[in-house]
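Number of protein chains: 4
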Amino acid sequence: MLIVMEAHATAEQIDQVCRAVAELGYTAHAMPGPTRTAIGITGNNGPIGDADRIERLPGVRELISVTAPYKLVSREFREADTLVQIGSELGAAQPATLGGAAVAIIAGPCTVESREQVLAVAHAVKDAGAVMLRGGAYKPRTSPYAFQGLGFEGLRLLAEARDATGLPVVTEIMDAETLPMVLSCADMLQIGARNMQNYPLLKAVGRSGRPVLLKRGFAATVKDLLLAAEYIMSEGNPNVVLCERGIRTFDDSARFTLDLHAVPLIKQLSHLPIIVDPSHASGRADRVVPLARAAVAAGADGLIVEVHHAPAFAACDGEQALTPPSFAAMMAQVERIAAAIDRPLAQPANLTLASPSAW
Amino acid sequence: MLIVMEAHATAEQIDQVCRAVAELGYTAHAMPGPTRTAIGITGNNGPIGDADRIERLPGVRELISVTAPYKLVSREFREADTLVQIGSELGAAQPATLGGAAVAIIAGPCTVESREQVLAVAHAVKDAGAVMLRGGAYKPRTSPYAFQGLGFEGLRLLAEARDATGLPVVTEIMDAETLPMVLSCADMLQIGARNMQNYPLLKAVGRSGRPVLLKRGFAATVKDLLLAAEYIMSEGNPNVVLCERGIRTFDDSARFTLDLHAVPLIKQLSHLPIIVDPSHASGRADRVVPLARAAVAAGADGLIVEVHHAPAFAACDGEQALTPPSFAAMMAQVERIAAAIDRPLAQPANLTLASPSAW
Amino acid sequence: MLIVMEAHATAEQIDQVCRAVAELGYTAHAMPGPTRTAIGITGNNGPIGDADRIERLPGVRELISVTAPYKLVSREFREADTLVQIGSELGAAQPATLGGAAVAIIAGPCTVESREQVLAVAHAVKDAGAVMLRGGAYKPRTSPYAFQGLGFEGLRLLAEARDATGLPVVTEIMDAETLPMVLSCADMLQIGARNMQNYPLLKAVGRSGRPVLLKRGFAATVKDLLLAAEYIMSEGNPNVVLCERGIRTFDDSARFTLDLHAVPLIKQLSHLPIIVDPSHASGRADRVVPLARAAVAAGADGLIVEVHHAPAFAACDGEQALTPPSFAAMMAQVERIAAAIDRPLAQPANLTLASPSAW
Amino acid sequence: MLIVMEAHATAEQIDQVCRAVAELGYTAHAMPGPTRTAIGITGNNGPIGDADRIERLPGVRELISVTAPYKLVSREFREADTLVQIGSELGAAQPATLGGAAVAIIAGPCTVESREQVLAVAHAVKDAGAVMLRGGAYKPRTSPYAFQGLGFEGLRLLAEARDATGLPVVTEIMDAETLPMVLSCADMLQIGARNMQNYPLLKAVGRSGRPVLLKRGFAATVKDLLLAAEYIMSEGNPNVVLCERGIRTFDDSARFTLDLHAVPLIKQLSHLPIIVDPSHASGRADRVVPLARAAVAAGADGLIVEVHHAPAFAACDGEQALTPPSFAAMMAQVERIAAAIDRPLAQPANLTLASPSAW
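In order, the protein sequence lines correspond to chains A, B, C and D.
Residue numbers for the first sequence follow the working numbering, so the first one is 597 and each next one is one higher.
Residue numbers for the second sequence follow the working numbering, so the first one is 597 and each next one is one higher.
Residue numbers for the third sequence follow the working numbering, so the first one is 597 and each next one is one higher.
Residue numbers for the fourth sequence follow the working numbering, so the first one is 597 and each next one is one higher.
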């Protein structure tokens, strides 16, 4: 931590700051310069909680932090990559692993619309090599007049699709009230971009212990994302997977601007797996595949992709959904890209499926 | 609504689109052009719910909407300005009105820290002319290690400050679970920027009927903000006040970039009151006052400003809090600016205070 | 300047950095901490030119600067406000001053279209109280097929309008080649937003000595703007006026997002006058006036506003031009706002006009 | 083109608009709706030049364009990919082609610093497989106190490096005045991000006929970039290569946010080659390689990468320069990624080098 004093700060003000630092239990190092004095702080093992108070002392111009504000999520805290296993708690799934050498593909419809739809898509994506099924039961929609999802019925259909295919299921959760229901059906909880800083919800999923897919808010910095993950981990849940899905910028040619630089950056800063959602970033099916290839080439640990067996009739976001054949084509391309950086695609676990009646 | 076809769209594809429009109950108007055909849609009274399906028909390039996606919040739905009255439900407050000719100033600490603090600040801001008290009991903090607020004890202290001063109280609510407690103490519910698209919460405060201060998300367009307000109004609660508080841009010289253009724009698009928060946008006390003046000059119906009797010791955001004397100076300046556009500052209602024991 | 070392930096690496600092003629202060060492640098009188070299030494994680990278434009270099006088070099103008207590209004058409147009608008804006005339002769247009301005004929017409009204003229210059022609006709040179980092052009106008209106690039930070002004001043031209005109953000409800926070910020950082262009930011005439009021309330030293006597027939940007009556109404409002912060509007100098033949 | 009328527009106003459209030589199609009337325009072969005038007629709310504003650069104008050949005009180079199936790598130092440096780097990048040499002689620097390049001496050294290696040379040009000198030494002219909308410069390089590398401005939309290319092509120069190099967003973890979505988008909209600069976007050497892989995976036709034989001593941007060994490693990785999408890396032409004395 570095404290920069105003050019006209008095010796007394500098002293006052040094004393305040000492009172907080740290060591102050005053460094007089030609136009101003800077004061270094040492002795802290992490962020200085009361830093704001120092910032407001008279004569202080700025306070520059040199320690990351997060801890549990940081690569310094844990050097080895975290592997998150999904699907071991609810009976019928073939567990999938996110974060290892293999690149894991999650796919499925934007929204669960019907039994026929979710089963058709689930089988299609499994056949093409996906290791997890995505699908929305509770949908955050910008307009109150847009389709809001099937709710619990959607959850039930997802569970049925898991039983039928063995694919673990990830679905979005929007509030703590529905958490018990979602926990009864979903192998992984998704926190959507709009809820990335919904702290009560982050704490609730943290306490649940269930694996969490945390999507980056579209105005969140990488630091904000890591701090949101810290909320979940600080409740005792280490099973967090991060997801880059595009940020809001002035460019209006895509729904969001996919920030693939975040992938290698997060790999440096954190031990958590990072996957990419090329569907929401692009917003157009015909540009999803190039972004999927790019994400894997950048080092992503996986992808989450929207697939619909009849996009023209999808209840939501159909313009960005791949058809099963185009998804299969994407898988073939992505597999080659992964191979080019010596990573295999994750394979479905080779287990005999538990019978649906088992749960 | 206008449908733009691809340059190479066939006559059959154009026919198919026209038939689909007719099936939805609207009228299609094909307009062949030299390179492509456009198809106009008429007969709709609002947004076309199934527009997505048309967008995905073969040969369709783009679908251009010309009707606003919101209804209840729009100026076309209700031409007269909405006046929101705050403080009439819980006994001890002198009701304040937002949205009329008078410019209403809300002020108070970022966070409730102690009985002494909240009472000192409440009396100070009332003396300087504020008509409502703000204060956080539940705080959304980017870091899990930052001070999270006093919770229910904070609510109780805010209610006590209302009893002592007559100022109605606005406080942030972060989840539906705490709604009953907040309703028992707060005259107005604040939805913070990070929760602007927390739809379950929007619906819950909508159902409560209590006046709502809805802050713009820092990556939300004006349209997004109006749609969030539509969520609240569509649950039957017309008492919504909008708040511009800055958006995230590449400029890092302020915490957020205050978008004052939103003020006259919202006045054109909506009948709801719009106020401005210059404190969070600027992030520095010394630049709050110029932005406060500018906001009133732009036509804002009010301001919400952070004040602390001892900013250097504030538990949160002290660097942006005004002291009581600088707040009083701001009030004097803002009153002159308001007068320059023929608006008075709102005055506290001249009621005898109910005794604290009354509630 | 602070050098932050990697957590795993060796003692030898730290030594190497300290030696490199010493070789550059500065003093290094190593501050060992629990996880990493920081090294403070003192002894520099300004930015450290070779800082990059230190950043790349092994073991260095980050280099944090605490000195502003500009000098001549800074408030620390010159404490008193700079007053820029325009119109004293070419005979017929009544000089205007930017930067003093008075708020100066510059107005005129986006583009010079014809003798009739520019004279009509010039007289109208003078009658309403403007002290300078703006008008484009060379226009930077996003499309090569849009009207590009009248060129030298436009300059000549501007000079004629100055002779007729006494208003000094500001016009945009796009390259050094046309500088002699523009210098023969214009009292002030405008550098447009798209050319804010056109360094050869900045140097050329710097060498000319003629007053310069430097518009902020729409992706430029305040620091970038001040550094661009530093280019002009470092060529010996102190007559620089800065202009905030909106930045590019995700919000698409206005052409650009006007950043009024920049006004008080620049007043703190620099001694140069700062004016605001509400026309280009808003892009719509009906929202220009509220932003003009807000800009003056925020402390701007002036405004530059587009006015056209027949906006529906303007060759460019007509949708944002005020008509003469609405400009006069704006002037009345802006005068009241200025008075509310104890500033008068600048008045035209009360000189007898030189006869046109005098130049 | 679609004209949307205000809800309260009169029949007479609608008539007036239709007549205005007819006067411009187009056909108007009025489509009355329940709340407002829309008017379609057909008969135009491109953008409607006088569209602004219609927008300002009374009763008009909005004007929605459905035709792209550019023509020569569009895929509709020319369906086949353009191949740009570089190096055939100045004797000693082995021509390189941008835009074909092969992925072309351009590499070299940020700035030419010395004969030793540029020759060392040129040989290194050639050995690793680059087919063109980049290097700056005239440098646009944000600060006037930063190193501004060697100027003509730098150009001379680049030409010498071409003679020695056969690599065609691309270098930035900042104004029309230096164009003759740059043309005498450089095989390709680079327009930097800050000059993307410097229209006199675009026209000058357009008239020169020399191949142009046009970098996207960091606040430019894809449409802006294509319009800038249209400026060059409309002067008769079809040899334009586009370059994505990152845009300015709120995210401050990289210098710029690389927008790889622009790659497949530009491939759809335009026939021009599009390459990617991962160095300036990332700003850190350790994250250049993942972005380089991602760019090729997204479909880029090439890369332009900064390489320095001793980054710690580079005069500019050393923190983002790859060393020759890390560049060679990048080439190996990029070649595998390209192979995964069935594209080879471009190979140096197998010509005997002309002797230096030949030019």
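If you are wondering where the hints come from, they were derived from the structure by calculation, not from laboratory data.
Each hint should be verified, as a subset may be incorrect.
Note that the list lumps identical chains together, so a pair holds whenever it fits in one copy or between two copies.
Straight line, CA to CA, 20 Å or less: simulated EDC-like cross-link-like pairs of lysine to aspartate or glutamate [stated by the list, open to error]:
no.: 1; residue 1: Lys-819; residue 2: Glu-619
no.: 2; residue 1: Lys-819; residue 2: Asp-848
no.: 3; residue 1: Lys-863; residue 2: Asp-882
no.: 4; residue 1: Lys-799; residue 2: Glu-831
no.: 5; residue 1: Lys-819; residue 2: Asp-938
no.: 6; residue 1: Lys-667; residue 2: Glu-608
Is it within, between, both, or neither for Lys-819 and Asp-848, if the alpha carbons may be no more than 20 Å apart? between (24 Å within a copy, 10 Å between copies)
Using 20 Å as the alpha-carbon threshold, which applies to Lys-667 and Glu-608: within, between, both, or neither? neither (35 Å within a copy, 28 Å between copies)
Reference check for the pair Lys-819 and Glu-619, CA-CA at most 20 Å: within, between, both, or neither? neither (29 Å within a copy, 36 Å between copies)
How do Lys-799 and Glu-831 come out at 20 Å by Cα distance, when the copy is not named: within, between, both, or neither? Only inside one copy: Lys-799 and Glu-831 sit 6 Å apart there, 28 Å across copies, limit 20 Å.
Could you place Lys-819 and Asp-938 in one of the four classes (within, between, both, neither) given a Cα distance threshold of 20 Å? Intra 29 Å, inter 37 Å, cutoff 20 Å: neither.
How do Lys-863 and Asp-882 come out at 20 Å by Cα distance, when the copy is not named: within, between, both, or neither? So Lys-863 and Asp-882 pass the 20 Å test across copies only (11 Å; inside, 28 Å).
When the structure is compared with the earlier hints, violations turn up for hints 1, 5, 6 and for no others.
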